[in-house]
Amino acid sequence: MSEEQNDQYLIYSDVFSSIQDKTKCGEFFKNSIQFFILSNEKRADINLVDDDDGDPDLCRPERIDLTLVHRNETNVSECGYQLWNGALLLCDYILTNKWRFSNKTIFELGAGIGLCSLIASRLASKMICTDHDTDLLDVVRQNIELNDAVCRKECIEIQNFDWKQFNSNEINDRIEIILAADGRENEIVSRILLFYFTR
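Sequential numbering from 1 applies to the sequence shown in UniProt numbering.
Simulated from the structure, these hints should not be mistaken for lab results. Every value quoted in this text rests on a predicted model; they were computed, and no experiment measured them. Only true hints are included.
In the DSSO-like style, the derived pairs of lysine-lysine whose C-alpha atoms are separated by at most 30 Å in a straight line are:
| # | residue 1 | residue 2 |
| --- | --- | --- |
| 1 | K153 | K98 |
| 2 | K126 | K98 |
| 3 | K104 | K153 |
| 4 | K104 | K126 |
| 5 | K98 | K30 |
| 6 | K30 | K126 |
| 7 | K153 | K30 |
| 8 | K153 | K126 |
Now the in silico label distances, taken between C-beta atoms and shown as ranges:
| # | residue 1 | residue 2 | range |
| --- | --- | --- | --- |
| 9 | D53 | L194 | 51 to 61 Å |
| 10 | S32 | D138 | 13 to 23 Å |
| 11 | P56 | I175 | 41 to 51 Å |
| 12 | D92 | E176 | 13 to 23 Å |
A virtual CB, placed ideally from N, CA and C, is assigned to each residue, including glycine.
Could you build the full structure based on these sequences and the hints that come with them?
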């Protein structure tokens, strides 16, 4: 089936399936999402200290609250406007492996609504957030502004990047990590990744 034929069918996000806690703004929704960052320290290494009441003062996970602009349903060609489970899993991986992403130059292919770039920007020295859809990049900008207390927007660079027009010279040699979550499978993406893995 061609991409044009696929566009007649709607696909639905399974991340925000309830209608509670949503603010509808035009075709888009704003939803709240939370991440809990657990300490990577081993339990035996933690010195428990009592609080004023004599109870153990435990290390609590840090909580990140985000508000995201997105769509709940789209056709196939606009699936980047939705939030998908793969992005949530990648964010969880980033937050539990902070040392891998700390002070790195990171390039995200097909950023969609920009969640992974927002989370990675907390750690990166430079976060290059890309997608081929310029309107979708406007949604990324909205999400950065909505979450400026959570992300480091000064290190985020937003770029239009069309995988179908891939030119290896467009990607900076200083990129240390490439992120891709829930990208539509594509021979071009495979070539980009192969290019970087074989250099």
